[in-house]
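Asker: Here is what each chain is made of, one letter per residue.
Protein chains: 2
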Amino acid sequence: MPIEAAEWQDACRLGPRPGFTPQISVLVGMMHYARLTTREAVEGLSVQELDALPPGFSNSIGMLLAHMAATDRLYQAASFEGRSCFEADDYAPYVGAMTFGWKGEPVRGRTLDDLLAELDATRAETLRQLAEHDDDWLTTLLTAPGFDDMNQHWAWFHVMEDELSHRGQIRILRKALALQTPPVS
Amino acid sequence: MPIEAAEWQDACRLGPRPGFTPQISVLVGMMHYARLTTREAVEGLSVQELDALPPGFSNSIGMLLAHMAATDRLYQAASFEGRSCFEADDYAPYVGAMTFGWKGEPVRGRTLDDLLAELDATRAETLRQLAEHDDDWLTTLLTAPGFDDMNQHWAWFHVMEDELSHRGQIRILRKALALQTPPVS
Chain S
9 MPIEAAEWQD ACRLGPRPGF TPQISVLVGM MHYARLTTRE AVEGLSVQEL
59 DALPPGFSNS IGMLLAHMAA TDRLYQAASF EGRSCFEADD YAPYVGAMTF
109 GWKGEPVRGR TLDDLLAELD ATRAETLRQL AEHDDDWLTT LLTAPGFDDM
159 NQHWAWFHVM EDELSHRGQI RILRKALALQ TPPVS
Chain L
9 MPIEAAEWQD ACRLGPRPGF TPQISVLVGM MHYARLTTRE AVEGLSVQEL
59 DALPPGFSNS IGMLLAHMAA TDRLYQAASF EGRSCFEADD YAPYVGAMTF
109 GWKGEPVRGR TLDDLLAELD ATRAETLRQL AEHDDDWLTT LLTAPGFDDM
159 NQHWAWFHVM EDELSHRGQI RILRKALALQ TPPVS
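If you read the sequences in order, they're chains S and L. For the first sequence, position 175 matches number 183 in our numbering, and the numbering has no gaps at all. For the second sequence, position 44 matches number 52 in our numbering, and the numbering has no gaps at all.
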């Protein structure tokens, strides 16, 4: 479904959000804007388009979307639970998505609705947890092994900046796909 | 020059920075981290690599780097001076970079040092100006025509998120280039 003009306008004004402390509000606003642009970038894609790999590209749009949700989950464990879940049983279903198929199975055959629903569900949990923390917590270092050099503010910024980076890739992947299959006249 | 481990570690802890108010500090920290990753993504590229366009890609890495600096300049005028400079004489040298050659000349033949020096100089001016503003200002709407729906916080977030998006593209462009020209054994 296209994103409404009012939703864009609202997203272009970062500031306090109900239920969040001031710095977390801005972070959540940035994450929200990033997600709107991801949704816009993938709107209307078929399973075939989500799985396509034009020459020169090694990850499909579907793989990139699943990777975004897997990243959110990885950082939920590291940030909120102080654990590195990469090798944990509960994370096993996401390792293929996280590693783009270098470990586990690469993502393939999933519908856009399915991929977006997973992104929404994962993000809802992130937001629920962020609402329970405050700006002082943002400045604390993570305790999970392998994540203990970063603070909480950077950790969630990173989840967002990784999404933005892959959204940029999705935009050119989609352009490359359009070049391969000109619309029927 | 490779980025030192200590510089990465410092960049992974967002928080107060000397000379900036609290929210501007975090924004500047994010912009700084984004720039480190851009520098890392382009390290050591030749003019030929900066100008290369593998099949399926329409903007070269050099074009993307010049676009980042042009975006910073466009938002300096909009944010700090309240003017839309796109058609102004002082912005004419950057229109080709900003529009990826749709208007003006596409960027070509520039060295990495030259492109990075422009990014540094432009960003230094942005930081100088941000240091003269405060967190209340961040929440105000821009007044420049065409930019007046966004607030200052979003404007500078957007400059950063656009860089992150293009950095993601640079990463896959560089991978695609490596596939085209296998290293000599």
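Hint data in this document are derived by calculation from the structure and do not stem from the laboratory. Just so we're clear, the structure is a prediction, and the values are computed from it rather than from any experiment. Misleading hints may appear alongside valid ones.
[Said to hold, decoys possible] Only pairs whose alpha carbons sit at most 25 Å apart, straight line, appear in this in silico DSS-like list of lysine-lysine:
| id | chain 1 | residue 1 | chain 2 | residue 2 |
| --- | --- | --- | --- | --- |
| 1 | L | K183 | S | K183 |
| 2 | L | K111 | S | K183 |
| 3 | S | K111 | L | K111 |
[As the list claims (entries may be wrong)] Here are the computed distance ranges between Cβ atoms for each label pair:
| id | chain 1 | residue 1 | chain 2 | residue 2 | range |
| --- | --- | --- | --- | --- | --- |
| 4 | S | G23 | L | Q17 | 24 to 32 Å |
| 5 | L | A100 | S | G23 | 31 to 39 Å |
| 6 | S | W145 | L | A96 | 43 to 51 Å |
The beta carbon of each residue, even a glycine, is placed where N, CA and C say it ideally should be.
Asker: Hints first: check each against the structure and report whether it holds.
Answerer: Here's how the hints hold up against the structure:
| no. | hint | in the structure |
| --- | --- | --- |
| 1 | L:K183 / S:K183 | 18 Å, holds |
| 2 | L:K111 / S:K183 | 20 Å, holds |
| 3 | S:K111 / L:K111 | 44 Å, violated |
| 4 | S:G23 / L:Q17: 24 to 32 Å | 30 Å, holds |
| 5 | L:A100 / S:G23: 31 to 39 Å | 35 Å, holds |
| 6 | S:W145 / L:A96: 43 to 51 Å | 45 Å, holds |
The structure does not agree with numbered hint 3 stated previously, though it agrees with all others.
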